[in-house]
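On the provided structure of chain A, position chains B and C as indicated by the hints.
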Amino acid sequence: MDKGLIGGSTVLMLLSLLQEKEYYGYEIIKEIEQRSNCIFQFKEGTLYPVLHRMESQGLVKSYKATAETGKERKYYQITVKGKTQLAKEKEQWNAFTISVKKVLGGAGYACP
Amino acid sequence: MNRKKELIIFVILIPLLLLSFMRLGGYYFSAEDVFYACEKGLHYGPSEKILAEYEFEDSGKLIVGKWKENLSAISVDRAFGVLWKLKSGGITGFISCEKVVTANIFRGGKVMGLASQKEIREVYCRIEYGDYGNDENPSIQEMTMTVDQDGFFYGIWSTQIQDDTFQYIAYIEGRNAYGEVIYRDGMSPEGKPYLDGVLIENTEN
Amino acid sequence: MRVPDWEEYLKQILSHVKFKYDHNHIYFELKNHMEDRYDEFVSEGMEEEQARETVLACMGDADEIGEELNKAHSPFLGWIWRVLKDALILLVILNFLPALSLITSGFISVFESYDEKSDSLLVYSIDVGYREKIYDTTVIIDKILYYEDHTLEVRYATWTNPFSDSIKWSSSIGVTIYDEQGKIQANGNGWKSGSYYGRGQKYCENIPLDATKAVISYGIENEIPIDLKEGRVMANES
Chain A
1 MDKGLIGGST VLMLLSLLQE KEYYGYEIIK EIEQRSNCIF QFKEGTLYPV LHRMESQGLV
61 KSYKATAETG KERKYYQITV KGKTQLAKEK EQWNAFTISV KKVLGGAGYA CP
Chain B
1 MNRKKELIIF VILIPLLLLS FMRLGGYYFS AEDVFYACEK GLHYGPSEKI LAEYEFEDSG
61 KLIVGKWKEN LSAISVDRAF GVLWKLKSGG ITGFISCEKV VTANIFRGGK VMGLASQKEI
121 REVYCRIEYG DYGNDENPSI QEMTMTVDQD GFFYGIWSTQ IQDDTFQYIA YIEGRNAYGE
181 VIYRDGMSPE GKPYLDGVLI ENTEN
Chain C
1 MRVPDWEEYL KQILSHVKFK YDHNHIYFEL KNHMEDRYDE FVSEGMEEEQ ARETVLACMG
61 DADEIGEELN KAHSPFLGWI WRVLKDALIL LVILNFLPAL SLITSGFISV FESYDEKSDS
121 LLVYSIDVGY REKIYDTTVI IDKILYYEDH TLEVRYATWT NPFSDSIKWS SSIGVTIYDE
181 QGKIQANGNG WKSGSYYGRG QKYCENIPLD ATKAVISYGI ENEIPIDLKE GRVMANES
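Protein chains in written order, with full-length UniProt numbering: chain A, 1 to 112; chain B, 1 to 205; chain C, 1 to 238.
Bound conformation, chain A alone:
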């Protein structure tokens, strides 16, 4: 997968990660790489416009702190509004994947 990190499911993944722990940008990239077994590999710079937009929307907050490496980095943490958004997007995502599975499974339903 060589796409730029500019898509709807990106926000869902970022919010989910940040709900577990507070990360700075580089850590996020490493974590996604690890968890997805390197299936998700993308242009790293494209992470930041997404994070910044999420911050201006109030989904995350940033602050400066010293990382384990000893250097100062900009950490992101999820906000209450972000948690609400995460729950909503998870629900949408789950509904989406269930529908896809059903289509693949062949069952028939009439459209409303």
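Any given hint could be a false lead.
No more than 27 Å apart at the CA atoms, straight line, and that leaves these computed lysine-lysine pairs for BS3-like [stated by the list, open to error]:
1) A:81 to C:183
2) B:5 to A:21
3) A:88 to B:4
4) B:99 to C:183
Just so you know, these hints were derived from the structure itself, not from any lab.
Quick look at chains B and C alone, frame taken from chain A:
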């Protein structure tokens, strides 16, 4: 602290700081505001009416008001382009006008005053001026001014006057609508002394 | 480890971001990320120059990133915030000197005191305690003192709120003394300080012991009459 919260703080603080700066520095939004603020600071006023405003050559203007049959003259000037303040170089403030016709000379060759009798429609002045030390033979300048409905009159008698010359109004006549002299004050051309309309009996001293 | 040079790349990204205030933040966040990635490559054995170029490749297209960042960084609110913050800073600076002068004058006022007249003995004093607001100024007539050398002294103070809308001066009082027959004397000499809070003293000479009234004037046509016969505390009584 996010930007939205900071914005609210800015919106509250900015008017407060603006007010503080203006009040502490003596800046106002209009020339008339300076005028009334100055009267208040000198503990008189406020003028019931602003009679006239005269622009200065350099910048700013002179505002003349009327308070209890007296004059109030204050010079204002622009500040920071959009604000106003008191013009530097001194203000006149309260001008007592106790005579029937009171006339005063001001810097810049201006004469102005108040006539308290409604019948007086015109004021004539004889101004004497000259160098100090040469006051035996002063130069003479005559002028006539119209009195408006508030009793106010104004004129410029000279634009070339030096600062170190003496100048005073030696004689005033108040004339009615027909040009007849109904009031005199000072030394008349015939050499008769008057004081606020009354001929002073001859007592040569 | 030598710090690698990605200035051109970063500048190219920033050239798309119109909201200049955030340039610094973006610059350092991206640069730090790239340094972390670079350190990882080098510690895995990659050559410095190759690591530098690989990091660039990993980051992505500068123009694309720049455009996306610009979209995330030019909200209407951001501009308003910037303009208002500049206005606030300007106003704080403009207020600095006036505030300093205000504090200084307040300081001086606190430590000011009346002069004690020492060249003549006190005959009587009157605790006037008069207090009235004349236009924007509260005038306080504290005491009147009369001395053997026929000097009458008035001690007073004035207070004007620095934030009121009048123009501030330090104005002194005028004093006219009367006796049974009428006016004896107008004015005298003295001092007055402070355009906000300030004390003042006025001395009138050649005043008889039996003067009946003192009229204090402040500004134009504002008069405070003070009875000089009442409330006298004779000096030799205390």
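Which numbered hints fail:
1
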